[in-house]
Amino acid sequence: MRARAWAALLALVVVQACAPQQRSQPAAHEGAASERPRVVSLAPSLTEIAYAIGCQDVLVAGTTYDDYPPAARALPHVADLSAVDLERLSALHPTIVVALHDQER
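For the sequence shown, our numbering assigns the number 5 to the initial residue and increments by one for each residue that follows.
Accuracy of the hints is not assured; some may be wrong.
Quick list of simulated restraints, FRET-style, between CB atoms [stated by the list, open to error]:
# : residue 1 : residue 2 : range
1 : Ala78     : Ala103    : 33 to 43 angstroms
2 : Glu91     : Arg8      : 29 to 39 angstroms
3 : Pro73     : Ala103    : 17 to 27 angstroms
4 : Ala78     : Ser49     : 17 to 27 angstroms
Hint data in this document are derived by calculation from the structure and do not stem from the laboratory. Virtual Cβ for every residue (Gly too), placed ideally from N, Cα, C.
Please model the complete structure; the sequences and the hints are all you need to start from.
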């Protein structure tokens with residue numbers, strides 16, 4: 005049950021990342037056009053969820069094990085099961101990084 009709660013919470017985060025951001029006035033530090041979210045997925049299951057809910061256009065990287073849907077194979081890889089390449093990750097300037105709760109490495 006706890007795993008389902010985490011999966012549901014994670015799905016909500018990914019859906020929120022796909023939602024259009026609307027503000028009545030841009031903040032002083034922002035340009036005229038606000039940037040789209042840049043999401044990095046650190047688990048194949050999360051990448052698959054992002055594709056399933058139609059958020060593939062905000063994904064900028066995934067893991068070496070992302071293989072479904074086949075389009076996910078084209079994403080740059082920043083992680084595998086044992087480690088995250090922090091240099092590659094930071095070079096992509098993600099606004100959101102999604103991971104499973106047991107990925108505490």
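Status of each hint after checking the structure:
1. Ala78 with Ala103: 33 to 43 angstroms: Since the Cβ atoms of Ala78 and Ala103 sit about 21 angstroms apart, the hinted range of 33 to 43 angstroms is violated.
2. Glu91 with Arg8: 29 to 39 angstroms: 34 angstroms, holds
3. Pro73 with Ala103: 17 to 27 angstroms: This hint holds: roughly 20 angstroms between Cβ atoms.
4. Ala78 with Ser49: 17 to 27 angstroms: Holds: the Cβ-Cβ distance is about 18 angstroms, inside 17 to 27 angstroms.
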